[in-house]
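One letter stands for each residue in the lines below.
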Amino acid sequence: MSAALELRRVSKVYGSGPSEVQALREVDLSVRGGELVAVMGPSGSGKSTLLTISGSLEEPTSGEVLVGGAALSGMSRNDRARLRRRSIGYVFQDFNLLAGLNAMENVALPLELDGVGGKTARAAGLAALEELGLADRAVRYPDELSGGERQRVAIARAVVGDRHLLLADEPSGALDSVNGEAVMRLLRAACHRGVAGVVVTHDARLASWADRVVFLRDGRVVDQTASPAGPESLLIPGPKP
Amino acid sequence: MSVRHALLALLSEGPKYGLQLRQEFEAGTGEVWPLNVGQVYTTLQRLERDGLVESDDAEAEGPQKGFRITAAGGTELAEWLRTPPDMASPPRDELVIKVLVALRVPGVDVHEVVQIHRRHVVEMMQQYTGVKAEAPEHDVGLALVVDAELFRLEGVVRWLDAADARLKRLPADGSAAAGAVSPRVSPRLGGRLGVRR
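Chains as they are written, first to last, in numbering that gives the first Met the number 0: chain A, 0 to 240; chain B, 0 to 196.
FYI, nobody ran anything at the bench for these hints, they're computed from the structure. Hints are not guaranteed to be accurate.
[To be verified] Far from chain A by the CB rule (all over 12 Å, computed), these chain B residues:
1. L18
2. T69
3. E75
4. W79
5. V107
6. Y127
7. F150
[Unchecked claim] Partner residues are not named here, just some residues of chain B that face chain A (Cβ under 8 Å, in silico):
8. Q22
9. Q114
10. H116
11. R118
12. V121
13. E122
14. M124
15. A132
16. L149
17. E153
18. V156
19. D160
20. A164
[Unchecked claim] Not close to chain B: a few residues of chain A, all C-beta gaps over 10 Å, as computed:
21. M39
22. R79
23. A203
Just so you know, even glycine gets a beta-carbon here, dropped at the ideal spot from N, CA and C.
Okay, chain A solo, but in the shape it has when bound (with noise of 0.2 Å):
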């Protein structure tokens, strides 16, 4: 099974001459379906070049990226436009949420730009957000919500319908720690039901959520974590006095 979306040595420069900025570095990536992988580094790092060239929002310098096994390089505008409305799914820190629109028609909206009829489109909406536990809020609007709830809204507006890649840009940087917990225990759980994730962050807290944490340093991956040992091995230290 090919992954749902890989990267090869991927490169991005922006500007050129003495303002030239190298973003990223020959990145190589590859995340499968039902794997959630953070990406760690400091401001400047790339993540959110390589989270927005993941999702074909922007166009690498060289290298190649396969969303599905398809290689994006090969297809026409409005094939790609197509795979990001149908196939990906964005969640903001600042959640991007239509604020004319209520929670249903929010999530509804990627399905109904796509050509879904109104209706199958809403209760396709509705199931998202009775999924992320928001029934009751599917008449409120954005500023109706809590932060909370907003980006749960969002997260419905992301996995709504049938998506294959969920990207995440600091999905719950604007939220409390609890709050941020609820998000990405949904973004996991999103995950491990079959979609690939992608999350960047610069909290370890938040990307200790992911099955797999790569770390990017100007521009370049420079390590990841090994799968992580069952919760047994933290035992072996013993009682503490």
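Place chain B on chain A using the hints.
Then chain B, alone, in the frame of chain A:
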């Protein structure tokens, strides 16, 4: 973690047997801190000697012996809960020493050393988060224990991140790096911050 005060706390709910105390201690700390039977009985004996608990039957021994908290035990528990732990004079942090030493050793890439430790700590955090992720959400005891470890480890990662960022600003030849750990600095800081020597 004071086993002594944890046992007093469990007995403050009512009289209990030794075996029961051990099981409740482990359950209450999310089974992250296993306790052996010997530790429980030694601690109970000392508590009894100090008049903080009493047993209902001086003859009975072992798991069936029942204990209850005394008034003095209740006072001791109440005082302990309100006494701040010693956080003013941390022990020397081995990780800090390693990074300081790495700065002085020729041919060592400090960023690599920092990253090895960062990865190790993040892997530990993944394990703790895994414990929390698998546990039922109503298990508050476990969540609190795991959160405490996670926040402590996160602090270590943040220190490593800050160290990385600071060191990145140094000139590439490392000359300033050696100067950065001037021998004058450590004792002075040691005195001011109360670092144990």
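Here's how the hints hold up against the structure:
no.	hint	result
1	L18	holds, 17 Å
2	T69	holds, 24 Å
3	E75	holds, 18 Å
4	W79	holds, 15 Å
5	V107	holds, 16 Å
6	Y127	violated, 7 Å
7	F150	violated, 7 Å
8	Q22	violated, 14 Å
9	Q114	holds, 5 Å
10	H116	violated, 11 Å
11	R118	holds, 5 Å
12	V121	holds, 5 Å
13	E122	holds, 5 Å
14	M124	holds, 4 Å
15	A132	holds, 7 Å
16	L149	holds, 6 Å
17	E153	holds, 5 Å
18	V156	holds, 4 Å
19	D160	holds, 6 Å
20	A164	holds, 6 Å
21	M39	violated, 7 Å
22	R79	holds, 34 Å
23	A203	violated, 4 Å
In the structure shown, a violation is registered for the earlier hints numbered 6, 7, 8, 10, 21 and 23, in ascending order.
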